[in-house]
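Chain order of the listed sequences is A and B.
Per numbering that gives the first Met the number 0, the very first residue in the first sequence carries number 0; after that it's consecutive.
Per numbering that gives the first Met the number 0, the very first residue in the second sequence carries number 0; after that it's consecutive.
Don't take every hint at face value.
Pairs count within a copy or across copies, as identical chains cannot be separated in the list.
Claimed, not checked - Pairs of lysine to any residue residues, derived as SDA-like cross-links and limited to a Cα-Cα distance of at most 20 Å, are as follows:
| id | residue 1 | residue 2 |
| --- | --- | --- |
| 1 | Lys241 | Ala424 |
| 2 | Lys405 | Arg11 |
| 3 | Lys14 | Gly71 |
| 4 | Lys272 | Asn235 |
| 5 | Lys272 | Gly84 |
| 6 | Lys131 | Gly383 |
| 7 | Lys207 | Ser174 |
| 8 | Lys131 | Tyr171 |
| 9 | Lys122 | Gly150 |
| 10 | Lys331 | Gln364 |
| 11 | Lys207 | Phe149 |
Derived from the structure by calculation, the hints contain no laboratory data.
Number of protein chains: 2
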Amino acid sequence: MKTFLEMTNDQRREKLAQQQKLYEVQRAAGLDLDMSRGKPDANQLNLSMDMLQQNPYDLIYTRKGTDVRNYGELAGVDEAKELFGSVLGVGMENVIMGGQSSLALMYDTVIKAYVLGVYGGSKPWGQQGHLKFLCPVPGYDRHFRITQEFGIEMINIPMSETGPDMAMVKEYVESDPSVKGIWCVPKYSNPTGCTYSHETVRAFAALKPAADDFRIFWDNAYFVHGFRQEDDDLLNIFDACKEFGSEDMVYEFMSTSKVTFSGAGVAVLAASKPNIQFLTRQMGVQTLGYDKINQLRHVRYFKNIAGLKAHMQKQANYLRPKFDCALAALEKGLGDTGIGTWTNPNGGYFISYDGLPGTAKRCVQLCADIGVKLTPAGAAFPYGIDPEDKNIRIAPSYPSTSELYKSMNVFCICQRIAALEKLLAE
Amino acid sequence: MKTFLEMTNDQRREKLAQQQKLYEVQRAAGLDLDMSRGKPDANQLNLSMDMLQQNPYDLIYTRKGTDVRNYGELAGVDEAKELFGSVLGVGMENVIMGGQSSLALMYDTVIKAYVLGVYGGSKPWGQQGHLKFLCPVPGYDRHFRITQEFGIEMINIPMSETGPDMAMVKEYVESDPSVKGIWCVPKYSNPTGCTYSHETVRAFAALKPAADDFRIFWDNAYFVHGFRQEDDDLLNIFDACKEFGSEDMVYEFMSTSKVTFSGAGVAVLAASKPNIQFLTRQMGVQTLGYDKINQLRHVRYFKNIAGLKAHMQKQANYLRPKFDCALAALEKGLGDTGIGTWTNPNGGYFISYDGLPGTAKRCVQLCADIGVKLTPAGAAFPYGIDPEDKNIRIAPSYPSTSELYKSMNVFCICQRIAALEKLLAE
Numbered sequence: 000m001k002t003f004l005e006m007t008n009d010q011r012r013e014k015l016a017q018q019q020k021l022y023e024v025q026r027a028a029g030l031d032l033d034m035s036r037g038k039p040d041a042n043q044l045n046l047s048m049d050m051l052q053q054n055p056y057d058l059i060y061t062r063k064g065t066d067v068r069n070y071g072e073l074a075g076v077d078e079a080k081e082l083f084g085s086v087l088g089v090g091m092e093n094v095i096m097g098g099q100s101s102l103a104l105m106y107d108t109v110i111k112a113y114v115l116g117v118y119g120g121s122k123p124w125g126q127q128g129h130l131k132f133l134c135p136v137p138g139y140d141r142h143f144r145i146t147q148e149f150g151i152e153m154i155n156i157p158m159s160e161t162g163p164d165m166a167m168v169k170e171y172v173e174s175d176p177s178v179k180g181i182w183c184v185p186k187y188s189n190p191t192g193c194t195y196s197h198e199t200v201r202a203f204a205a206l207k208p209a210a211d212d213f214r215i216f217w218d219n220a221y222f223v224h225g226f227r228q229e230d231d232d233l234l235n236i237f238d239a240c241k242e243f244g245s246e247d248m249v250y251e252f253m254s255t256s257k258v259t260f261s262g263a264g265v266a267v268l269a270a271s272k273p274n275i276q277f278l279t280r281q282m283g284v285q286t287l288g289y290d291k292i293n294q295l296r297h298v299r300y301f302k303n304i305a306g307l308k309a310h311m312q313k314q315a316n317y318l319r320p321k322f323d324c325a326l327a328a329l330e331k332g333l334g335d336t337g338i339g340t341w342t343n344p345n346g347g348y349f350i351s352y353d354g355l356p357g358t359a360k361r362c363v364q365l366c367a368d369i370g371v372k373l374t375p376a377g378a379a380f381p382y383g384i385d386p387e388d389k390n391i392r393i394a395p396s397y398p399s400t401s402e403l404y405k406s407m408n409v410f411c412i413c414q415r416i417a418a419l420e421k422l423l424a425e
Numbered sequence: 000m001k002t003f004l005e006m007t008n009d010q011r012r013e014k015l016a017q018q019q020k021l022y023e024v025q026r027a028a029g030l031d032l033d034m035s036r037g038k039p040d041a042n043q044l045n046l047s048m049d050m051l052q053q054n055p056y057d058l059i060y061t062r063k064g065t066d067v068r069n070y071g072e073l074a075g076v077d078e079a080k081e082l083f084g085s086v087l088g089v090g091m092e093n094v095i096m097g098g099q100s101s102l103a104l105m106y107d108t109v110i111k112a113y114v115l116g117v118y119g120g121s122k123p124w125g126q127q128g129h130l131k132f133l134c135p136v137p138g139y140d141r142h143f144r145i146t147q148e149f150g151i152e153m154i155n156i157p158m159s160e161t162g163p164d165m166a167m168v169k170e171y172v173e174s175d176p177s178v179k180g181i182w183c184v185p186k187y188s189n190p191t192g193c194t195y196s197h198e199t200v201r202a203f204a205a206l207k208p209a210a211d212d213f214r215i216f217w218d219n220a221y222f223v224h225g226f227r228q229e230d231d232d233l234l235n236i237f238d239a240c241k242e243f244g245s246e247d248m249v250y251e252f253m254s255t256s257k258v259t260f261s262g263a264g265v266a267v268l269a270a271s272k273p274n275i276q277f278l279t280r281q282m283g284v285q286t287l288g289y290d291k292i293n294q295l296r297h298v299r300y301f302k303n304i305a306g307l308k309a310h311m312q313k314q315a316n317y318l319r320p321k322f323d324c325a326l327a328a329l330e331k332g333l334g335d336t337g338i339g340t341w342t343n344p345n346g347g348y349f350i351s352y353d354g355l356p357g358t359a360k361r362c363v364q365l366c367a368d369i370g371v372k373l374t375p376a377g378a379a380f381p382y383g384i385d386p387e388d389k390n391i392r393i394a395p396s397y398p399s400t401s402e403l404y405k406s407m408n409v410f411c412i413c414q415r416i417a418a419l420e421k422l423l424a425e
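Assemble the whole structure, with the sequences as input and the hints as a guide.
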């Protein structure tokens with residue numbers, strides 16, 4: 000069978016007419032489906048309800064006797080710092096327990112760097128004129144919105160299967176002191192699902208920034224979120240940094256938003272001791288500490304890394320079939336058309352789809368017009384601009400399997416229409 | 000009996016020798032007591048444990064069907080906005096549910112005003128050179144630390160029993176556009192315990208700021224924290240503002256840190272609709288929302304204002320005896336000395352003590368030297384500087400009644416020593 004690229008225009012017109020009929024059938028069905036955000040559904044959230052069933056009287060005192068219901072323990076309770084530190088491969092002295100949102104923790108870290116500066120920096124970012132951040136693309140839209148909010152220029156860095164283009168990163172970081180940071184989702188990257196190779200992580204650790212206040216924002220959102228037998232292996236960046244003495248360059252973030260509850264979990268910042276001391280002093284002006292009852296609730300439920308992994312196995316078993324359903328629909332609907340490629344991740348929350356250049360917006364609009372909501376085309380790029388207008392982020396986690404099947408069917412029809420229209424217009 | 004002021008120096012020397020003996024007896028007792036912070040003790044925290052005993056499956060869905068375990072509802076769940084809005088006398092559209100710390104919410108509001116500006120302001124605070132904040136004194140140390148962190152000059156405004164000196168406030172606010180804000184604890188003020196009079200609140204509402212981006216930081220921390228039969232009556236500042244069309248000038252804050260759990264409650268920001276819209280947009284860059292499970296946990300437990308007040312009655316019954324114990328100790332120990340005055344509040348967490356000028360630091364040091372920790376002298380003033388060195392904040396809530404009795408006894412001895420030393424040195 001010919002791919003759409005190999006067809007004659009007559010064949011394409013015939014194919015397009017077929018697809019338009021299928022599209023009208025779907026329109027008539029009156030769909031109202033949402034594949035726009037990477038969030039768990041209610042059944043997946045149910046997998047964590049036992050955490051909330053613990054006897055609250057068992058959740059009063061930490062092992063050293065602190066009453067978690069009261070003020071104190073600014074940077075979090077020891078057992079939480081220890082558990083999440085060990086998950087990230089750092090000591091508890093390298094951990095601050097934040098609120099319940101790692102995004103808020105990142106925003107907070109950026110705004111404080113902007114106004115108050117970072118450890119070792121000669122002055123606050125905000126007093127240095129025009130600033131830049133590097134943005135591996137496609138990437139996480141909410142990262143980009145933070146840097147946009149502060150007027151920081153964002154520079155696209157292409158992603159491959161091994162991570163960002165490190166030659167380009169090195170060139171920018173080492174030559175331009177106005178480059179203050181880079182956004183990274185190093186494991187099961189949002190949205191491509193790739194995990195940075197060991198070589199990539201080592202290249203990060205080896206950076207010699209032109210700025211004295213450059214930071215890598217290492218958003219390890221999916222640190223334990225593999226859903227297949229084969230789990231990707233991410234090199235511990237702090238281990239890599241030891242060789243170069245560059246530990247102060249990294250802020251690592253994580254949360255349990257996709258481990259327990261989205262928006263009611265715990266968030267974590269890991270960093271070198273000087274960074275932690277610097278940030279803890281700043282934090283001491285801001286608050287008397289975050290919700291320690293919730294910290295203890297999490298730790299007592301997981302108990303240890305093995306408990307956390309066992310918990311994540313339940314999530315994996317629940318999520319994997321949704322991804323397999325979406326991937327099967329893509330293969331069946333588009334596998335022989337030659338108009339798109341997509342990722343097949345071992346974990347995380349997304350499939351990244353690349354169609355023909357100039358078709359993504361049209362496809363998302365076609366879907367929206369008949370009741371299937373996708374992440375806006377371009378969302379995975381700074382300023383919402385996909386230079387090639389080809390990338391669409393597919394988030395299979397929230398819809399039910401039957402909704403997902405319907406949604407993916409509509410997506411494939413709309414991809415075919417958008418591609419055929421594009422090819423016929425050339 | 001003569002007061003210390005009326006005594007001859009010989010009488011004072013004799014008295015001082017007596018007190019020094021009492022002091023040595025206390026030193027020999029090897030005390031380790033803490034009256035430094037206004038926080039609840041474990042028994043008081045127990046009064047809220049039923050909130051944590053609720054069935055978590057009853058805490059999944061809001062009345063409009065939102066799953067609180069998931070992302071969404073950026074500004075908080077409706078029933079929480081409604082309950083806390085009604086407590087503050089504003090509509091739910093005037094409320095943002097913050098995290099668990101009103102201090103963090105205030106910090107966040109200041110830093111965003113600094114970098115991003117406020118509604119109606121021509122540019123961000125941080126781009127306007129030298130800035131000032133008005134600080135009613137004595138006041139809350141953690142407020143002052145926030146403005147100090149951002150290099151904002153703090154100006155002392157004397158407090159009376161009816162609130163800050165409003166003539167002075169008006170003069171500064173209406174003549175100087177670099178005055179960007181004022182810190183207020185309008186009810187059961189920290190530490191004096193006074194509640195601003197209706198006239199004071201109306202004077203706030205009537206302010207015509209020279210700056211287009213001036214804000215009143217109305218920290219209503221003790222909005223429902225009366226512990227006596229007679230509850231102070233605070234005029235709703237938003238009602239007062241209506242007359243002058245000045246609603247946009249006020250940010251009101253509260254939390255349940257002293258209602259349920261200190262550091263694991265919910266925090267609230269109330270403001271005019273334009274402010275709320277402006278702040279909600281900013282918040283949408285920062286996070287997907289705060290812990291909604293905890294919001295629903297609070298609302299379902301209180302049910303309504305009557306439920307909240309009934310809950311606070313338990314706290315009042317627990318706290319009142321501690322205050323009465325501290326007040327009795329002050330009366331017994333210092334009532335006939337003429338060396339000090341103190342407040343007798345109907346609510347809140349503090350007694351504010353004014354000794355002879357030049358004695359506060361000495362008294363706090365004397366207490367510390369034999370194991371009784373007080374809030375540092377000067378803490379209730381910007382930069383930690385009490386111009387008269389006479390104010391000490393007494394926090395009776397945390398120690399047990401027996402510890403409190405011992406601590407107050409030591410405090411009175413140290414006050415007498417410090418005053419006698421001072422009088423003898425003159």
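Do the hints match the structure? See the list:
For a Cα distance limit of 20 Å, the shortest separation of Lys241 from Ala424 qualifies neither inside one copy, at 55 Å, nor across copies, at 60 Å. In this assembly of identical chains, the alpha carbons of Lys405 and Arg11 never lie at most 20 Å apart, being 24 Å within a copy and 91 Å across copies at closest. In this assembly of identical chains, the alpha carbons of Lys14 and Gly71 never lie at most 20 Å apart, being 67 Å within a copy and 40 Å across copies at closest. Taking the shortest Cα distances, Lys272 and Asn235 sit within 20 Å of each other inside one copy (16 Å), while across copies they are farther apart (47 Å).
When the C-alpha separation of Lys272 and Gly84 is checked against a cutoff of 20 Å, the pair qualifies only within one copy, where the shortest distance is 13 Å, while the shortest distance between copies is 42 Å. Taking the closest pair of Cα atoms, Lys131 and Gly383 come within 20 Å of each other only inside a single copy of the chain (17 Å); across copies the shortest separation is 39 Å, beyond that limit. For a Cα distance limit of 20 Å, the shortest separation of Lys207 from Ser174 inside one copy, 9 Å, qualifies, whereas the shortest one across copies, 50 Å, does not. Proximity of Lys131 and Tyr171 under a CA criterion of 20 Å is satisfied intra-copy only: 10 Å inside one chain copy versus 39 Å between copies.
Taking the shortest Cα distances, Lys122 and Gly150 sit within 20 Å of each other both inside one copy (18 Å) and across copies (14 Å). Neither within a single protomer nor between protomers do Lys331 and Gln364 lie at most 20 Å apart by alpha-carbon distance, with minima of 22 Å and 79 Å respectively. Taking the shortest Cα distances, Lys207 and Phe149 never come within 20 Å of each other, neither inside one copy (25 Å) nor across copies (30 Å).
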